[in-house]
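J.: Going line by line, the protein sequences match chains A and B. Following our numbering, the numbering of the first sequence begins with 6 at its first residue and continues without gaps. Following our numbering, the numbering of the second sequence begins with 566 at its first residue and continues without gaps.
Please keep in mind that the hints were generated in silico from the structure rather than gathered at the bench. Built from N, CA and C at the ideal position, the CB exists for glycine as well. Fair warning: there could be bad hints in the mix.
As the list claims (entries may be wrong) - Partial selection, computed: residues in chain B whose CB lies under 10 Å from chain A:
| # | residue |
| --- | --- |
| 1 | Gln-600 |
| 2 | Val-602 |
| 3 | His-603 |
| 4 | Ala-608 |
| 5 | Glu-614 |
| 6 | Arg-616 |
| 7 | Ala-618 |
| 8 | Leu-619 |
| 9 | Gln-620 |
| 10 | Arg-624 |
| 11 | Asn-626 |
| 12 | Glu-627 |
| 13 | Glu-702 |
| 14 | Ala-704 |
| 15 | Leu-737 |
What the hints assert, rightly or not - Far from chain A, by Cβ distances over 10 Å, these chain B residues were calculated:
| # | residue |
| --- | --- |
| 16 | Pro-604 |
| 17 | Glu-661 |
| 18 | Thr-698 |
| 19 | Asp-712 |
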Amino acid sequence: MALLQLSEPGMSAEPHQHRLAVGIDLGTTNSLVATVRNGISVCLNDADGRAMLPSVVRYLADGGVVVGREAMQAQSIDPRNTITSVKRFMGRGLKDVTHIESTPYDFVDAPGMVRLRTVQGPKSPVEVSAEILKNLRQRAEASLGGELTGAVITVPAYFDDAQRQATKDAAGLAGLNVLRLLNEPTAAAIAYGLDNAAEGVYAVYDLGGGTFDISILRLTRGVFEVLATNGDAALGGDDFDHRLFCWSLDQARIQPPSAQDLRRLLARSREAKELLSHASEAPIVCKLGSGEEVNLTVGRDEFASITDNLVRKTLAPVRKALRDAGLRAEDIKGVVMVGGATRMPHVQKAVADFFGQEPLTNLDPDKVVALGAAKQANALAGNRSADEDWLLLDVIPLSLGLETMGGLAEKVIPRNSTIPVARAQEFTTYKDGQTAMAFHVVQGERELVSDCRSLARFELRGIPPMVAGAARIRVTFQVDADGLLSVAAREMSSGVEASVTVKPSYGLTDDEIAEMLKSGFDHAGDDMGARALREQQVDGERLAEATRHALAADGELLEPAAREKIEGLLGELDAAVAGSDVGKIKQALTALNRGTEDFAAARMDKSIRSALAGQKIDQLEV
Amino acid sequence: MSIDLHKDYFALFELPRSYRIDREALERRYLQLQQQVHPDRHAHLPDAERRRALQWATRVNEGFQTLRRSLARARYLLDLAGVDAALETNTAMSPEFLMEQMEWREAVSEAHQAGDVDELEHLHRRLRSAALTVEDELAVLFDDRPDLDAAAETVRRLMFLEKLDQEIDEALAALES
Ligand SMILES: Nc1ncnc2c1ncn2[C@@H]1O[C@H](COP(=O)(O)OP(=O)(O)OP(=O)(O)O)[C@@H](O)[C@H]1O
Ligand SMILES: [Mg+2]
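Please construct the entire structure, taking both the sequences and the accompanying hints into account.
T.: What follows is the structure, encoded as structure tokens:
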């Protein structure tokens, strides 16, 4: 299998073997799932024919969980157990949550990420998001008639490492194999660019329910190159609702209401906001628990003026992104508008004024992200056909660094670096005989560590005692294609190593995930156990098949002894797959994966060499 | 037997080892290599191959960024030639140059304090053209009349200018938010 892909990487060796893959837009307000069918990207609808699933989860006292429209309808009768806009809490501590006073939730400040107290006990935002993803997975599997090979999940481009990791954890918890985390504006650009054969430099302005992103991309002959991205991970349509809600309280001269009233009035504010995109005025009428009644009318101009600062708040990131890309507003060929909140006329006007051109609104701002994600999922799963030979080069949104003396942040990888990217930096000991060194990994643009986001802390121990300044400690940052960071430290003279995948301070630990998965299994019973077995078997079969193809194709790269060893491991995997012990299959999988590492490296090098057309091989063999 | 991941970007990008560079060829080659090695191309393959793709794509990105920017490319050429430019420590620059730097710095900080965006952008443009002159010198010192010690000194000057450039950017960003 893999050798054929050496000449045409990414393409399926056996085209008839279509793998089921989906793109999921996990939104603050609405979530969608899409797939590629007969070469065309389509959203998958629910039983009622609706593509959008409201991102609302309700926990019932009897242990049941309701997701979507039905849950949304319960938000004012059961506000505490009905979680909306949970994306705002992903990877966030209590102190990071904005407008906490106007959320009806009972927060628990757990280490790393907040928890929400519900009738079913404290729930982490990761668990809540997993319920939404599970719902979409079931929808997709029912509609496609089989198990999914994998999914591309979209995240706001401006999400930091903690928020990305939390999203990936949620997908894992929902039983999804994550093919890639994809930035939302990039997904939109793929959908727009491929459908319109666009060429040139485009801006994607994405104002959703809870997040704002701006990305500048260059589209050339099938390459989507993100030049710069910026945004605000806590700015969206929700904030416009909140402004209108505060205005209503003020106008009606009422006290801060109860949790139920709060939900009701917020919902009325949102309806009025949406209505104002089509009408010149809108009513806000709401009966409160106290018997008081709010009865107001808001005009379009009034609404525009009380939310003007929010609109302006989106333009600062736009300027920064342009500057980072080394471009001016007039260099932009088209502005793609994404997200429901871009339907507001005063948002469209502000964008048009800024860029000196009408933004492109000839696409569905609700669906375009999911449709783009589906195209990427299809390609990553290996279903790419020859005319889908595009390449995506994305960036990290925020600089990554380390804390140095005096609480200052030293940047190791600057924002807008194309991923994957790695950077190493050397440090030394400052005391004689020092045997340990502590590292604090941070993300953000500010100079002071206290103004950046803390991602992880770790220690390198066992440094051999030397005089101060003699040890050479090399710290390596690696950001993968999902935009996720891992950090390793190594003392160069002794080879002592320590490494972390940045997870501990904001994501879930592997143990926590195992525990949640287990409790999930307990609920669902044997059904899930059988599924887990089947999944392992499929993975096992796939790896065995890939390895056999590789051996057949490139076996000559191996010494006889090495080949024999791989064949032995292959036999063990076959035997494990034929049995029904999940643990055994996993073990055999890992063993074969490890055992073929050198072989894979040799094959990859061979493919690079064949790519170096006209390049003499010995020139490279330094 | 394997290609050394850590050697010579010029060879990887099929370009002659020189300061002057064919940008178009560099970009073309970059995309060609990424088409081969990018993790997206290997996402459906086993772990080991995915890890290798990650390493390669990382390397190709690093090489591209190094060759694309004048300063990075110049430093890399010095590095390849085994010239220790002692870039971080050796700051023995000519008094005239240092004087000029002071003036620049003052101008930037005054404009920042006055909130004068236009002036900052003007300084930005002036700085860009000063940098271009230095870059022309580098082309001569690397390619026409090779003199690596002089090149190292010129690289140090360019570093000062780049630092200033960053400061202007930061001032502009600060005024915007
Ligand atoms: N006609 C309209 N006028 C104004 N706002 C609207 C309109 N329709 C939808 N919205 C707003 O758009 C927002 C939801 O947009 P969208 O579904 O794109 O967000 P999301 O993808 O869930 O969020 P995010 O991308 O931030 O995670 C809500 O705030 C909603 O009120
Ligand atoms: Mg969205």
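J.: All the hints need checking, so say for each whether the structure fits it.
T.: Tested hints:
The restraint placing Gln-600(B) at the interface with chain A holds, with a minimum CB-CB distance near 6 Å, inside the 10 Å limit. Nearest Cβ of chain A to the Cβ of Val-602(B): about 7 Å, under the 10 Å cut. The hint holds. Using the Cβ-Cβ criterion of 10 Å, the hint placing His-603(B) at the interface with chain A is satisfied: the shortest such distance is roughly 6 Å. Below 10 Å, beta-carbon pairs count as interface contacts, and Ala-608(B) has one with chain A at about 4 Å; its hint therefore holds.
Interface hint at Glu-614(B): satisfied, since its Cβ lies 5 Å from the closest Cβ of chain A, which is below the 10 Å cut-off. Annotation: interface hint on Arg-616(B) holds; nearest CB of chain A at approximately 8 Å, less than 10 Å. Interface restraint check: Ala-618(B) against chain A, minimum CB-CB distance 7 Å, threshold 10 Å, status holds. Below 10 Å, beta-carbon pairs count as interface contacts, and Leu-619(B) has one with chain A at about 5 Å; its hint therefore holds.
A hinted interface residue such as Gln-620(B) counts as satisfied when its beta carbon comes closer than 10 Å to some beta carbon of chain A; here the least separation is about 8 Å, so the hint holds. Hint status for Arg-624(B): holds, given a least beta-carbon distance of 8 Å to chain A, under 10 Å. With a least beta-carbon distance of about 5 Å to chain A, the hint placing Asn-626(B) at the interface is held under the 10 Å criterion. The interface hint given for Glu-627(B) holds, since its Cβ lies 7 Å from the closest Cβ of chain A, which is under the 10 Å cut-off.
Interface hint status for Glu-702(B): violated, as the beta-carbon distance to the closest one in chain A is roughly 23 Å, over 10 Å. Annotation: Ala-704(B) was flagged as interfacial toward chain A, and the flag is violated, the nearest CB pair being 21 Å apart, outside 10 Å. Proximity of Leu-737(B) to chain A holds as hinted, the smallest CB-CB distance being about 7 Å (cut-off 10 Å). Non-interface call for Pro-604(B) relative to chain A: violated, since the shortest CB-CB distance, roughly 4 Å, does not exceed 10 Å.
At roughly 30 Å from the closest C-beta of chain A, the C-beta of Glu-661(B) stays outside 10 Å, upholding its exclusion from the interface. Listed as a non-interface residue, Thr-698(B) keeps its Cβ farther than 10 Å from every Cβ of chain A; the least gap is roughly 20 Å. Look at Asp-712(B): its CB is around 26 Å from the nearest CB on chain A, clear of 10 Å, so calling it non-interface holds up.
In summary, the numbered hints that this structure violates are 13, 14, 16.
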